[in-house]
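*Asks:* As they're listed, the protein sequences go chains A and B.
Letter by letter, the first sequence follows residues 0 to 222 of numbering that gives the first Met the number 0.
Letter by letter, the second sequence follows residues 0 to 424 of numbering that gives the first Met the number 0.
These aren't lab readings, by the way, just hints derived from the structure by calculation.
Among these hints, one or two may not hold up.
Unchecked claim - Covered stretches of chain A (chain B as the covering partner; in silico rule of three or more C-beta atoms under 8 Å from a C-beta of chain B):
| id | stretch |
| --- | --- |
| 1 | 71-80 |
| 2 | 114-125 |
| 3 | 128-142 |
| 4 | 149-155 |
| 5 | 161-170 |
| 6 | 190-201 |
Claimed, not checked - Some chain B residues close to chain A (C-beta under 7 Å, calculated; not the full set):
| id | residue |
| --- | --- |
| 7 | D125 |
| 8 | A173 |
| 9 | P177 |
| 10 | A395 |
| 11 | G397 |
Where a beta carbon is used, it is the ideal one built from N, C-alpha and C, also for glycine.
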Amino acid sequence: MQTAGVLAAIVAVATLCGTATAFAQGAVHQPLNQRTPPGVAGYWAAALGRATPLYLQPVKVALPSKGTVTFYDVAARKQYASAAPAMARLGVGFTFRVRIDLDKTATTPATTLYPSIEVIDRLHPPLGKADQFPIPVRFTQDEIDLAVAGKMVTKVVYLEQPQLARPADDPLPTATIPPYENLLKEADRRGRPMLIVRLGGRQPDSDPWSFLGRGGPFQVRGK
Amino acid sequence: MTNDSNPFRSGGWKQHTGVACRMSRALLPVLTIGLCSCAGLRGVDSGPLPLEKHVATSVSAIESAQPGRVSVSSPLPSQPAALQPAAFSHPTVCPPPPYAPMIQPPVGALPAPVLPEGNPVHLYPDEYLFDGGDRDKPVHYDEFRRLGLDTEDTVAEYTDHLGNRKVKPTNRVAVYAPRFAAVRTVSQSADGTNARQVSGLQEQARVAGVRSRAGTANHKGRNVPDGVRVRVRGSGIDADRRDVTLAKRTAPATNRANRRPLENLTLLRTGTFDRTQEAVLAMGIQAAAAWTKKTYPVIVGSRRDATEVSARSEQHFMTGVDDSHKTKGELRIVKVADKEIAQPGDVVTFTIRYDNVGDRALHHIRIVDNLSPRLEYVHDSADSDRKGKLVVEDNAEGSLVLKFELTEPLKGHTGGVVKFKAKVR
Numbered sequence: 000m001q002t003a004g005v006l007a008a009i010v011a012v013a014t015l016c017g018t019a020t021a022f023a024q025g026a027v028h029q030p031l032n033q034r035t036p037p038g039v040a041g042y043w044a045a046a047l048g049r050a051t052p053l054y055l056q057p058v059k060v061a062l063p064s065k066g067t068v069t070f071y072d073v074a075a076r077k078q079y080a081s082a083a084p085a086m087a088r089l090g091v092g093f094t095f096r097v098r099i100d101l102d103k104t105a106t107t108p109a110t111t112l113y114p115s116i117e118v119i120d121r122l123h124p125p126l127g128k129a130d131q132f133p134i135p136v137r138f139t140q141d142e143i144d145l146a147v148a149g150k151m152v153t154k155v156v157y158l159e160q161p162q163l164a165r166p167a168d169d170p171l172p173t174a175t176i177p178p179y180e181n182l183l184k185e186a187d188r189r190g191r192p193m194l195i196v197r198l199g200g201r202q203p204d205s206d207p208w209s210f211l212g213r214g215g216p217f218q219v220r221g222k
Numbered sequence: 000m001t002n003d004s005n006p007f008r009s010g011g012w013k014q015h016t017g018v019a020c021r022m023s024r025a026l027l028p029v030l031t032i033g034l035c036s037c038a039g040l041r042g043v044d045s046g047p048l049p050l051e052k053h054v055a056t057s058v059s060a061i062e063s064a065q066p067g068r069v070s071v072s073s074p075l076p077s078q079p080a081a082l083q084p085a086a087f088s089h090p091t092v093c094p095p096p097p098y099a100p101m102i103q104p105p106v107g108a109l110p111a112p113v114l115p116e117g118n119p120v121h122l123y124p125d126e127y128l129f130d131g132g133d134r135d136k137p138v139h140y141d142e143f144r145r146l147g148l149d150t151e152d153t154v155a156e157y158t159d160h161l162g163n164r165k166v167k168p169t170n171r172v173a174v175y176a177p178r179f180a181a182v183r184t185v186s187q188s189a190d191g192t193n194a195r196q197v198s199g200l201q202e203q204a205r206v207a208g209v210r211s212r213a214g215t216a217n218h219k220g221r222n223v224p225d226g227v228r229v230r231v232r233g234s235g236i237d238a239d240r241r242d243v244t245l246a247k248r249t250a251p252a253t254n255r256a257n258r259r260p261l262e263n264l265t266l267l268r269t270g271t272f273d274r275t276q277e278a279v280l281a282m283g284i285q286a287a288a289a290w291t292k293k294t295y296p297v298i299v300g301s302r303r304d305a306t307e308v309s310a311r312s313e314q315h316f317m318t319g320v321d322d323s324h325k326t327k328g329e330l331r332i333v334k335v336a337d338k339e340i341a342q343p344g345d346v347v348t349f350t351i352r353y354d355n356v357g358d359r360a361l362h363h364i365r366i367v368d369n370l371s372p373r374l375e376y377v378h379d380s381a382d383s384d385r386k387g388k389l390v391v392e393d394n395a396e397g398s399l400v401l402k403f404e405l406t407e408p409l410k411g412h413t414g415g416v417v418k419f420k421a422k423v424r
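Kindly produce the complete structure, drawing on both the sequences and the hints.
*Replies:* Below, the structure written as structure tokens:
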């Protein structure tokens with residue numbers, strides 16, 4: 000029995016050491032990933048205190064070419080279209096499905112897609128300067144092509160750490176990681192995740208308003 | 000049943016167990032493994048457990064007034080019941096869990112958050128661009144190098160009147176300038192397939208990499224400077240590096256304790272002996288004596304004059320200046336920026352004000368600024384109201400290290416200003 004107790008103690012110590020080592024190496028468990036259903040990360044973020052009922056986070060949506068971005072007020076069954084780049088203030092913790100319409104160009108046809116934007120954090124700018132620092136959401140042409148081809152592009156926009164920022168002038172440097180990696184964990188390792196953007200080729204079915212989800216509080220400039 | 004009536008002996012819990020419990024304890028792992036398999040359990044709705052069936056039979060034999068209703072009136076069994084397995088199941092082959100429903104609270108139903116109190120600069124530093132101060136490891140020196148100069152650090156190096164080297168960091172300047180990046184994945188749904196159940200555990204192994212919050216580059220080269228960039232302007236930054244020798248000489252009325260360069264002595268330059276330089280020359284002679292060991296310089300001088308000269312020797316006295324009341328030199332350095340917020344592409348002007356708040360002079364003043372990777376120095380934008388030079392080096396982290404070196408000592412209760420511009424990336 001003493002031998003069994005000693006063996007059990009050795010196993011326990013080894014387990015604890017391994018766990019400590021893992022944590023020392025930064026092995027933080029991220030329960031959310033890109034396959035988490037839309038809305039869960041936002042709800043968790045709101046529960047963690049990142050959402051303020053009276054604060055709406057400005058977000059700017061840019062397209063690779065000329066087009067419009069439409070935001071939907073699902074409760075009131077209204078829609079608000081703005082020319083890209085379009086800016087809106089979105090509630091933190093909510094998921095918004097928007098519509099992007101790209102005009103026809105010499106190389107690409109007119110395209111309509113319905114990406115979703117899930118806001119999971121906010122900035123804290125000086126008073127009155129919030130609109131000068133919107134979170135950028137930029138759709139590139141290759142992402143549009145992938146969505147049209149039936150693939151799913153999941154993107155996490157994060158706030159860079161100034162000490163680790165890249166010395167480049169690219170307004171939104173984007174890196175691609177394999178789909179088996181945890182996107183949220185990687186974004187958290189690089190900085191502070193702010194948005195989850197999902198772009199696919201799915202189109203609304205018979206009831207477009209149910210397709211748009213429940214939405215949340217938002218404001219569109221001038222409306 | 001207990002073998003020992005005293006429960007407080009060492010290992011008391013063990014001694015409280017009876018034979019039946021010991022046997023059941025040995026059988027428990029076997030029962031657990033067997034009952035935890037899906038083959039053993041036929042699901043919650045597939046029928047009663049064998050033990051439940053046994054209990055129902057014994058109860059129904061006693062009283063069953065109404066179907067579906069069971070009341071127990073028999074006394075408790077004398078023998079302790081065998082341990083029943085725990086009411087959980089761990090099937091090795093389980094149906095996939097149901098898809099988690101999308102959780103979206105109605106508008107306005109979010110929990111009220113607790114807003115943290117404090118300065119936003121300290122609460123959310125990742126939204127700001129810092130320059131100045133001395134973060135992480137403090138700046139320190141070994142025999143040859145300066146260490147601990149991280150990005151964003153700005154320090155002033157100087158030497159006091161006793162020859163002690165000192166370093167002092169500036170304050171930290173914060174400019175609100177958040178910047179974003181993105182990371183994405185591309186996935187594809189598998190059409191024409193229907194996953195019914197997990198056929199087995201699949202484990203994907205790959206080469207593990209080292210993940211760390213390292214910067215863009217870990218290598219920090221502290222080699223010779225890449226180049227010396229100077230600018231000739233009337234403001235003070237001098238491109239010339241000529242040694243300026245003293246062109247003006249003053250002969251002291253009395254011997255003083257201060258020293259003068261020996262090359263300025265009249266004797267060494269023109270061969271004429273000046274009585275007022277006797278003391279200094281004596282010192283130089285003694286120094287020369289120490290260097291030459293055996294031979295001493297012999298000075299011969301003669302004067303020929305037609306008239307009679309009478310010389311009167313006066314008692315020489317050494318004079319000194321009592322400066323014990325003077326405080327030692329102390330550098331005060333402050334850094335400011337001309338903007339509180341900045342967008343990528345904006346140019347921010349940083350101003351560094353330094354002052355000697357003590358009485359004694361400070362020497363070899365050098366202001367070192369290691370710019371953040373998000374700041375790009377605007378060439379030829381440095382300015383100073385005192386003479387000095389600017390040395391620019393690469394910091395191996397995507398930006399530059401600026402070194403403002405003042406060529407003149409800073410007297411007590413005097414100061415100066417250094418400015419430069421940087422573009423926000």
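*Asks:* Now tell me, hint by hint, if it's right for this structure.
*Replies:* Taking the hints in turn, this is what the structure says about them:
no., hint, verdict
1, 71-80, "violated (count 1)"
2, 114-125, "holds (count 4)"
3, 128-142, "holds (count 7)"
4, 149-155, "holds (count 7)"
5, 161-170, "holds (count 9)"
6, 190-201, "holds (count 3)"
7, D125, "5 Å, holds"
8, A173, "10 Å, violated"
9, P177, "6 Å, holds"
10, A395, "11 Å, violated"
11, G397, "3 Å, holds"
The structure shown violates the earlier hints numbered 1, 8, 10.
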